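**Q** Sequence:
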Amino acid sequence: MKRALFDTVTVLPFASGSSFDRMGYESAVLAVTVAANSTATVTVEHCDTSTGTFAAVPDSRLFVDNPTNENGNAVIANGSAVAAVANLDIDLIGCKQFVKITVTGGTAGALALGDATDHPVGDVAVTAPASGA
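Be aware that the sequence shown starts at 1, since it is given in the working numbering, and climbs by one per residue.
These are calculated hints, taken from the structure and not from any lab test. Small disclaimer: the values here were computed from a predicted structure and weren't measured. We treat Cβ as the ideally placed atom computed from N, Cα and C, and that holds for glycine. Possibly wrong hints are sitting among the right ones.
[What the hints assert, rightly or not] Now the in silico label distances, taken between C-beta atoms and shown as ranges: (1) 116 with 77: 29 to 35 angstroms; (2) 81 with 107: 17 to 23 angstroms; (3) 35 with 69: 15 to 21 angstroms; (4) 26 with 55: 17 to 23 angstroms; (5) 93 with 36: 14 to 20 angstroms; (6) 49 with 82: 30 to 36 angstroms; (7) 105 with 19: 25 to 31 angstroms; (8) 17 with 38: 26 to 32 angstroms; (9) 53 with 81: 21 to 27 angstroms.
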C-alpha cells in the first residue's frame, strides 16, 4: 500500500506561543533549536476556538518518544558544546481544534503538520502471489 506522504504534510514557519488550526491533521513535528549545554521545554495547550482560553493537553502520550517533566511538558536536553536542532514528534489526536505551542529555553523554527485525514491511500496495483496448489 502506498501513502500520499507529500500530499498529506503542511510545513509552517512557527514562533513560540503561536496557535494553529490542526483540523484535518493528526500529528506534528516541531523543529526546536537548543543552545549549547542547555535544555528547552515545550508546552502544548489546546482550545475549541482560536480566541478562547487554552488549557494543557491531558495526554500522557502527546510527545512521542520524548521525555517529559512533572507537568507533562516535553524536555529537550542538549549536552553538546554547540547548538542543536531537535525534531519533536507530537501526537495531535487527543487535541482540540486549536493548538498553542510554547517553547522555553529554545527557539521554535518550523512546524510540520502530518497525517492528514482527508487524503486517501494512493492507488497501487497489487498482484497476489500464485497459489502453490
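**Q** Need the list of violated hint numbers for this structure, in ascending order.
**A** 5, 6, 7, 8, 9
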